[in-house]
Amino acid sequence: MSSKWMKVAVLSILLIILTSSISGCAYKGVDKRAFVVGIGVDPAKENGNKFRVTLKLAKPIASLKSSTANEYELLVHESDSVAEAIRFLETREDKVMDFSQTKILALNEDLLSGDLFPLMDYFVRRGDLQLVLYVLMAKPTAEDVLKAQPPLEAAGENSLYNYFDKTGTESPFVTTTFLFEFRRDYDTKGKSSALPIVEANEAGTQLTVTNSIVLKNTVEPYVLTPTETKLFNTLVDGAGGYGYKIENAGYKFMLTLDHVKMKIKIHTNDGQKPRAEVKIKAVGAISESDKLLKLKDLDHYSKISGEQFGEQVKNLFVDLQEKNVDPFGFGLKYRSSRLNTKDTLDNWKAIYPELEFDVKMDMQLKSVGAIE
Amino acid sequence: MSRFLYFLIFTNMMAIITTPIPRILLVQSADGAIGSMIIGTLAGVLFTYITVKFFAQFPGMDLIDLLQTYTSSWVRIPITIYFTIFWFIAGLITLVMTVFLLITFLTPEMSIYIITLSILITVFFGVLLKSKSVLFTLEIVFILMIPVGLLMFFKLYSAPEVEWDQARLAIMHINQVPKYGSIVATIFVFLGCSNLIIFNRYFKEKQKVSLLSLGAITLFGVVMLVTSYFIPIGLSGFDRIGQLIFPWTSSADAVRMKFGLIERVVFIFMFIFVTIAFVSIIIHWHISYKLILSIFRLKALQVKQQNFTPFLVVTVFLLIGLWITALLTQYELYQYTRYYYYTIPLFIAVFFLTMMAIKRGASK
Amino acid sequence: MTESKKPEMPPFMKSISEALPSSFDVLHVPLTLDDAHVHLLYMKTVVDGLTLQQSIIKPFYELDDERKFGAYIQGLPNRLDPPQPDELLIMLTSGFVLVYADSTYSILEIRKLGNTLQGPTISETTIHGPQLSLSEDLETNVSIVRQHYHQPNLYVETHQLNDKSNMSIALLYDEKEVNVDVLRRVKEKLDGLDEPLIQSAGELAVRLTSRRFTLFPTSILTERPDRIVYNLTGGKIILLVDNSPYAIVLPVIFFDFMVSMEENYHTYVISLYNTLLGWFGLLNCLLLPSLYVAFTAYSPEVLSSELTLTMAGSRIGVPYPSFIEVIIMLFFVELLTEASVRLPRSINAAATTVGGLILGTAATEASLASNVLIMIIAIVAISTFVIPMNELGFAVRIVRLLIILFTTLFGLIGLISGLLLLIVHLTNMDSFGEPYLRIGWRGKRSEKMVNSE
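Chains as they are written, first to last, in the numbering used here: chain A, 1 to 372; chain B, 1001 to 1364; chain C, 2001 to 2453.
These are calculated hints, taken from the structure and not from any lab test.
Hints should not be assumed to be uniformly reliable.
Said to hold, decoys possible - Under the rule of at most 27 Å between Cα atoms (straight-line distance), these lysine-lysine pairs were calculated in the DSS-like manner:
#, chain 1, residue 1, chain 2, residue 2
1, A, K263, A, K349
2, B, K1258, A, K59
3, C, K2112, B, K1130
4, B, K1053, B, K1206
What the hints assert, rightly or not - Residues on chain C that point at chain B, a partial pick, calculated with CB under 7 Å:
#, residue
5, M2009
6, M2013
7, N2428
8, P2435
9, R2438
Claimed, not checked - Derived list of chain B stretches under chain A, where covered just means 3 residues or more per stretch with a C-beta under 8 Å from a C-beta of chain A:
#, segment
10, 1115-1125
11, 1245-1254
Ideal placement from N, C-alpha and C gives every residue a C-beta, glycine not left out.
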């Protein structure tokens, strides 16, 4: 009995002490927090500072049903470092800034050349930022992209999220790059990271995501064209979709691809030129054609579109190789397929410029659409 | 083998996420971690086999009984004190690490004392439980964690976010010489069976160590090692993994549930591992507490029929825990923990010598 | 029958009669016919007059001979030899008749039976199971159990409490299945009871537990004959108390409280689903309020961003922190629940509906509570009733306040801590020597698991 009393006494004393001492130490009600949904970083306009940081704060809406549009607040400050700017911006709000729901990190194009480590340091060091936030390159400025408000955006929604989280649009033109992914690929020797480019129009009513940019600290960033972006996304994420243009043997097709799989193998046999064997398997259908198509010739169509598709892929590889960027991670493949030695990395640096691409295409067209 | 023995062993394996072991391994990822893990696993399984076999000879007796029956007190007391300290520190490491984890990821604004206290209140009552109830608690928690754990493993191993090329790249570093630090850290993963020194009292039926059960233990250990080693590499990349202070948690944040109420699955993972950490602290400190009570019971604290020494002992445990947690920095934690793991071979030696002494005493 | 004719009372009976209070219902009836003299001593209010007339008085006049009547009395099935005077007195107060015939004393049980009607089940209703509960009479109840459970192993031991009520209780158990240790412990407890007055099964159950301040019940109170039989086959001990329509089931483990009898009357999948629903309800009503506090006050980052913003929006204008909000609303719902128990059946539905609806709407309109919270409170209130056993429901309602307290103090980690503390408390408890919270590991019939380990 007395042991029970002892426990009760100890517990109650502890609780009394605690209640009186902490009352509201880390207790921050959700209504006393201002949720930052997006961070934008631009180069400073004024001299002497380095960064211009924009924070996009969401205003909670009491009744979603009766309100029609979102309300955001944008806070802008210029400073020498991101951390300093954010610390300054925090004083401009009466509420605690909560970065835990931040989903967008928009970076200005001008910031992306050169070494990104000093810039990225702050975002990773902060433990409360999500690693699954979307990193993107903003055009013309990060501020404009964060400011843009498409007319279709409903209350309680953030249209920028919808581009990337694949619950809304799933376009093959959209590269989705999370913060952790960006950092991982940026840090990995033998791979480059790719960011989507989001462009806001001047009126601030429309956002376009069609291009991507490939980054590596040692080389100049390389902007992929929309077609290249599409190919890149298709091969890396296996994301299919409409609009793969094929022109071969007198036919003009548009393909719809259901799924695409890519396998890379690096061969470095003695005496031969190093060769990357890329096997691609694609399954899809023809969605548009300039001629009448025969169902029984499907195999033939598969073959000619396969040839052409393979050609496009190979061109993309060669283009990237010439720019010395490697978003497909050939280098990583190389490193992860042979035992590590001191020279592995140096070897790869010598091999990559000479690498030959051997694209083996396996295109399977399942139908010609609803008509012949 | 009794299911409780599995729980003890598995809990120790799962609790490594909230110890510095993943970081110790990952820091040496380019420096022989894989070889070390293989050697450590083999040594750990061997240790498990010998320990379980040994205690199977004395069903229903714990180490305290055995020492009292078969050895003299000048052997018994130093050994008991050594084990008390060893187990206490094992619990302490988990405690400090868990607090650091929580303060970094869950409640950065909260005072470190408050977080520690919130853990210690429950630990206080947990440690004072009867040993049997500790086992029941362990079982309940373990069973409750199974669905969440399955979700976690499914999520981790099916996540498109994990880049397996990075894991392959890590495997390609197998040709490095294994390092002492990683080997002993891996052995610690398999030390769960040594908890038998107290809990063997409740295993009255003779334990049989079949090949199957050893296989299950090895498999679970390997899965936990792979999860704590390769998943962070796959998510955060091989080349800079050593920079992360909490490699596991930082990396698991990358996995997301697209359509879940909780989008960031890392919180579900943290829920599992914090709970397991609680139980792990309770088990370690409970053993430590039982051991110290076997040699030390203050007459002065006798009030009527109640002796208050247990309360005193556990309160001292808590105060030390609170003090150390507030005192240590992250760097010191890693450094001292590493030293602690360095002593594991000594521990194993003492453990086996004790076993031999008991056996000799028993055969006389 | 006049005073003058009344024959002399035999000496033993006289001493007994003097020990009895001179209350109006103590009757001494001498029967006289020719030479035959027979004396009856009984209490009118507890003896069944009709049976007395049928089985004693009428045969006396028909037989017309004291010797023959004496033999007849000796042959009656409900006859006993008179015990010690103290005991005899108690027996007289519970419906025995002291008969003096043919120079021998006999004691006959001609009790007026209590309420032998079986009412419909109230607190544990099922759709497919038996619809009748126990009656309020001990013997009827024992016979109900016997009729459900035709086994020679079924032992029925009767006991009498040593308190003022001197209530009879019956201990029922299956001799083959029962755990002897537990049986011994229960008997010791029963003998050691030191209470002035025990009136019902519920009270007895409370007195049997050694801990005063425990939240969780260590025995089940049930009104369902099928649950009694189900537990008998599991090796449990059933205590039946006279004048109480409830039986006590001992010992129990925590999981017994999560078994609804309904589950036995469905196919496997359906009953599994129902069991899961029960558990889900338990977790809901234990955790949801605390989760709300944790998510609105400490860790909004855990939820997805849309949900967080919705919660933040719904809390706009609420003038106090969320834990006060939760406690106020919970308290309000508790009041509603209690009110609906106290009110007469015909109006309680109306009262609770009106109270709930109007107050809920008004609270959100006035920004005194957030919409999300109103929903949570409603879910919690409903979930409480999904828990199969009422007693557990009560305990959970209190434990949930403690968990809210922990969460308010420590955030999400406090929630985990509080939950573990609950588990630690439950595993530390025992029910008559059997661990309270442990997993039985023999499939679904967890209630049957008593004698393992």
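Quiz prompt | Structure-inconsistent hints, enumerated in ascending order | solution = Going through the list in order, the structure violates hints 3, 5, 6 and respects the others.
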